[in-house]
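Visitor: Each chain, written out:
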Amino acid sequence: MAAKIEKLDEVTIRFAGDSGDGMQLTGSQFTNTTALLGNDLSTLPDYPAEIRAPAGTLFGVSGFQIHFGSKEISTPGDTCDVLVAMNPAALKVNLRSLRDGGIIIANRDGFNEKNLKLAEYEINPLDDGSLDKFQVHAVDITKLTTLAIQELNLSTKIVERSKNFFSLGMMYWMFSRPLDSSIKWIQEKFKKTPEIVEANTRVLKAGYNYGETTEIFHARYEVKPASLAPGRYRSITGNEATAWGLIAASSKAGLDLFLGSYPITPASEILHELSRYKNFRVKTFQAEDEIAGIASAIGASYGGSIGVTTTSGPGLALKTEAMGLAVMLELPLVIVDVQRGGPSTGLPTKTEQADLLQAVHGRNSEAPIPVIAACTPAGCFEAAYEATRIALKYMTPVILLTDGYLANGAEPWLIPSPDSLKEIPVKFHTDAKDFQPYSRDEKTLARPWAIPGTPGLEHRIGGLEKEHITGNVSYSAENHDFMVKLRQHKVDGIAEDLPHATVDGDERGDLLVVGWGGTYGAIKTAVENKRKEGKSVSQLHIKYVNPFQKNIGEILKNYKKILVPELNLGQLALLLQAKYLVPVIKLNKVEGLPFRADEIEKKIDELLK
Amino acid sequence: MKHVDELLKDVPKISVQKYTAKDFQSDQDVRWCPGCGDYSILAQVQRVLPELNIPKHNLVFVSGIGCSSRFPYYMDTYGFHGIHGRAAAIASGLKVARPELSVWVATGDGDGLSIGGNHFIHICRRNIDVKVILFNNQIYGLTKGQYSPTSEFGKVTKSSPYGAPDHPFNPLLVALGAEASFVARGMDRDPKLLQNIIRRAALHKGTAFMEVYQNCNVFNDGAFFTFTEKETKDDNVVVLEHGKPMIFGKEKDKGIKLEGFTPIAVSLKDGKYSVNDLIIHDEKDTMLSFILARMSNLPNLPRPVGIFYAVERQTYEQEVARQIESSITKLGEGTLDKLLNHGETWIIK
Ligand code: SF4
Chain Z
0 MAAKIEKLDE VTIRFAGDSG DGMQLTGSQF TNTTALLGND LSTLPDYPAE
50 IRAPAGTLFG VSGFQIHFGS KEISTPGDTC DVLVAMNPAA LKVNLRSLRD
100 GGIIIANRDG FNEKNLKLAE YEINPLDDGS LDKFQVHAVD ITKLTTLAIQ
150 ELNLSTKIVE RSKNFFSLGM MYWMFSRPLD SSIKWIQEKF KKTPEIVEAN
200 TRVLKAGYNY GETTEIFHAR YEVKPASLAP GRYRSITGNE ATAWGLIAAS
250 SKAGLDLFLG SYPITPASEI LHELSRYKNF RVKTFQAEDE IAGIASAIGA
300 SYGGSIGVTT TSGPGLALKT EAMGLAVMLE LPLVIVDVQR GGPSTGLPTK
350 TEQADLLQAV HGRNSEAPIP VIAACTPAGC FEAAYEATRI ALKYMTPVIL
400 LTDGYLANGA EPWLIPSPDS LKEIPVKFHT DAKDFQPYSR DEKTLARPWA
450 IPGTPGLEHR IGGLEKEHIT GNVSYSAENH DFMVKLRQHK VDGIAEDLPH
500 ATVDGDERGD LLVVGWGGTY GAIKTAVENK RKEGKSVSQL HIKYVNPFQK
550 NIGEILKNYK KILVPELNLG QLALLLQAKY LVPVIKLNKV EGLPFRADEI
600 EKKIDELLK
Chain C
0 MKHVDELLKD VPKISVQKYT AKDFQSDQDV RWCPGCGDYS ILAQVQRVLP
50 ELNIPKHNLV FVSGIGCSSR FPYYMDTYGF HGIHGRAAAI ASGLKVARPE
100 LSVWVATGDG DGLSIGGNHF IHICRRNIDV KVILFNNQIY GLTKGQYSPT
150 SEFGKVTKSS PYGAPDHPFN PLLVALGAEA SFVARGMDRD PKLLQNIIRR
200 AALHKGTAFM EVYQNCNVFN DGAFFTFTEK ETKDDNVVVL EHGKPMIFGK
250 EKDKGIKLEG FTPIAVSLKD GKYSVNDLII HDEKDTMLSF ILARMSNLPN
300 LPRPVGIFYA VERQTYEQEV ARQIESSITK LGEGTLDKLL NHGETWIIK
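The listed protein sequences correspond, in order, to chains Z and C.
Quick note on numbering that gives the first Met the number 0: the first sequence kicks off at 0 and runs consecutively.
Quick note on numbering that gives the first Met the number 0: the second sequence kicks off at 0 and runs consecutively.
If a hint is listed, it holds; no wrong ones were tucked in.
The calculated lysine-lysine pairs, modelled on DSSO-like cross-linking and capped at a C-alpha distance of 27 Å, are:
#1 Z:K392 - C:K337
#2 Z:K183 - C:K348
#3 Z:K6 - C:K348
#4 C:K348 - Z:K70
#5 C:K55 - Z:K426
#6 Z:K191 - C:K329
#7 C:K17 - Z:K432
#8 Z:K190 - C:K337
#9 C:K17 - C:K204
#10 C:K337 - Z:K421
#11 Z:K70 - Z:K223
#12 Z:K142 - Z:K183
#13 C:K21 - Z:K432
#14 Z:K421 - C:K348
#15 C:K55 - Z:K432
#16 Z:K183 - C:K337
#17 C:K191 - C:K204
#18 C:K329 - Z:K188
#19 Z:K188 - C:K337
#20 Z:K223 - C:K348
#21 Z:K223 - Z:K183
#22 C:K337 - Z:K426
#23 Z:K251 - C:K337
#24 Z:K556 - Z:K608
#25 Z:K251 - C:K329
#26 Z:K142 - Z:K156
#27 C:K329 - Z:K183
#28 Z:K190 - C:K329
Since the hints were derived computationally from the structure, they do not count as laboratory data.
With the rest of the complex left out, here is chain C:
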């Protein structure tokens, strides 16, 4: 069997079977709370998949535990609802065993960064070709409202009535620090952007990490509204586009410029700065990716969304396959007879 990416290369647009979004909807009732951001993420995935021409039976969605991890039940593909935090490890085993499959992980901020943090960083560094969608709602939904590893410091929740004493993770920095080869941030309420990210992630060879701001309207309503709602969005979000200057604002009159290693927001109106002074986004620039990811932690800066980083490097499963093939070339295909009788043996008559 051929690797999915090779299939994609061979038949870029003409597919044997034309799918629609509907083909990816399973017969199970979707049971997220009405109004939950999860619906949008599901819809965008189902919308993008038909474009990719991946045979439905070669798609596998793996998840852990949490609201987001119900995802596989709603996809009419192969699905594996695992145990808390372990989706990345399960998916790693599956992908290494079956490189021709297209393997996806649906996880949350608790599942992926708290109980499953270890597996998350290791899948990133190994660069196993798995697409990881992290639904970040900055809260524990399924267990009814405790603070999560991405909740802001001081957040008052059921388990932190006096405010969370924890400093939060920045998921993008975790992924970049773990050497992920594709790192992006999308939002449930920006379908076009999210679709674009999912599409690019699907085509990426290697671990593709997507953080998605997801509204939990029951336990953490409005956590991202500054970035997602019409009134505030334009002034508080900068959309990253490869090769383009970082411009934002309702009037497209603001930009991001580097001062030393520090990004600052500048006005393009007062004649002091022009577009030429702004950062030109480069997905392949490792240093820049860290600076941009850091922007979420700095005050008075818009939140970057889009694709922060995308470079190709050898995947884990490619190296495994290479070692196997070269060993077979050198030693011949292993047989039971060879196994049992190699090395030092003696005969007793």
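Okay, chain Z solo, but in the shape it has when bound:
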């Protein structure tokens, strides 16, 4: 008897196993297939810093959560409906995120004595009744995988590596997804080793058929496509979107892109991505350290390229002095900080929002730099594009803040048409008559971009204070005071260029939830849920952290209470209070994980009691 098919609006699945079990790969395959089916989705890869953490241990568990649906999806899901656990450690670590009544699919073979001990289980949880409130399916995944490919005579290592495709196949069956996209991917990925293509394909199909032919699963599910806006879509992660936004800006501006970067988690994928696009004349320079990353980018900007450097918190700290140089030189530069848990090395693979003050203020002396924050994985495209546009228009370094969650998270993205992107007009200065390197555009206060190679414009710039207009070295007290104020004024003036901030919800009311960066989806879900209950709560999400948009102060006045949830100890809250003298209520968490919507909902309830 075929299992009956139930319709669902949304589902959250979490794949969990050893960091060597291929859970990230399984998760991203499920994501791609799901995106192709037209579901809306959001993902949360959650993995340890060690590449191959000791097998079976609690700290070596790697997880990948995907939330998808036929409705709009903004977060990777507060709790999951299905947990795929490849070993006892994976079960133990992730059980708290499984909802009551949720489904557990466990690899029974992984629950051996050794692994149980490593996960600190005295009795096998699959047998002791402790999981009774869940629907448990213990499947001999390793054994079934071995059987599926035994005639190929492959090493146990290869067999062991294929078993994640069995889980993937089962999930494809359970959620009625086709196999072809993953098969195509396997063929492409392993084309040099046909035996692996064969093995993985067989195992994938075996997993699917296992669902089809055995009767252990009572139900299959169907999640209809979401009603997304019409157009062409693709699935994209935050780091990919950042890279593409930079290339798009370079293409629109007609300038070469130069990336100077030192590998660092979780920003390295931007370097990887950009280094692929040689036919876009993108030059990537894998520098000897973080400082050389930014210094080379400044050199390239001086030469007329769009200089970019990408990093995470510790790297941003190392780049500090060079950022000050870029402020002094007034050259365009984009600095991308993919924030991670800190301080120091902190939690390299976990997300956090605690670099905000470092970005806005973390330099010696008065060194104003515009700061833009991306809100969603796909939103990184627009944010990177906008950061580049501002850098070029105002001749200034710009910091783009994303975070580990946005960087690795994926979502469907409505591909923009190239024509819909704002123009980025750029003009190098070429007129030698009366050339003054520190003269300024009346409106933007940008200085001319006079690149080496231009006859007659030979001039010297540097980190010493510049004399207004001439750019000569100047130690004059009045000039320094003037220039410090001028640089601040220039950055403040960017606010004139920005669209007004808009509120989602009501123009005035009892509570405004103000956020920035990657908390967007969780806040949005929480606010929408509470509005459905009739609560007077609205959302303001800040994309431009420095300078703030001009109407932010006005907006804040229209609500009785202001709540600022952040994955830090209250950094945006501090800036808002300092600038607008408004009392704000903080909601802070620094667990290395994004907010769950229900955490924010709880706080909203408390404030609107």
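Once you have looked at the hints, place chain C with the ligand on chain Z.
Guide: Same frame as chain Z, but now just chain C with the ligand:
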């Protein structure tokens, strides 16, 4: 635009615009201490540049921090006074972005070998076509007299009243160890030799490293006088000339011979050794370059100056350009449309 070296090849001696040394002097007052060796280095660069026929607007001097790093302000070319130690990294980005420019770095022993040591070794190994002039005065001048990474062991300075406990760097060995493709040593007080080195460095394709002994007459006066002053010079310096035996001495009566891997100084007067026994300098000999650079650390040997090593190998920016061109040939010039719509996409109606 064409690479500068190609320009040089096309128009070896006839230049569109004839420059003189004066054309390279900027309108800024030179502010080094009177008597400083920096003046000579500036003068030799300004003297050599007119011969090279590089359009002035294609020249960029990049520096870090320190006395030497004021250099760009005094050159009427493009100039970039960076931050401490980072000149090599800034210059690397500039040269990779704009291979047609002629990019030079002015740095010091502190700037280039201490705070900027990392960038220095990496520019050498990458072989980015940047000319690096390291003003070695074996002292921190701008911060008023602390010992530097090239100061001799035991040197008494403000920060080492009981003598520097540090063993110094030999800049040439650092450069050679980092696989620099052009390595030379000049001296502020030997203008002809310095000009020759600068000229050769300018024509070299790849990172060209020039150590220049520079007298800081305020904080380390006379550090190199044994090698630069008339009375002592000839007996204490051996000038390297490609293809020629290593002869030195006022009477040209001494030479350098190899015993195993160890160079020794021998007399040509007593009939025991002749010119035929001496090392014939070969700029392309990697092993020899290390031995010659090592001579500075050995006692009883003259100090070699001149061009130690000069070989051509592919530059970093050539490889970058090659990858870009081959990618464009294969995939066509990238367009926004191609970028956004490649790979797996789907349409929602
Ligand atoms: S301090 Fe020394 S190196 Fe610096 S300018 Fe004066 S003499 Fe020259």
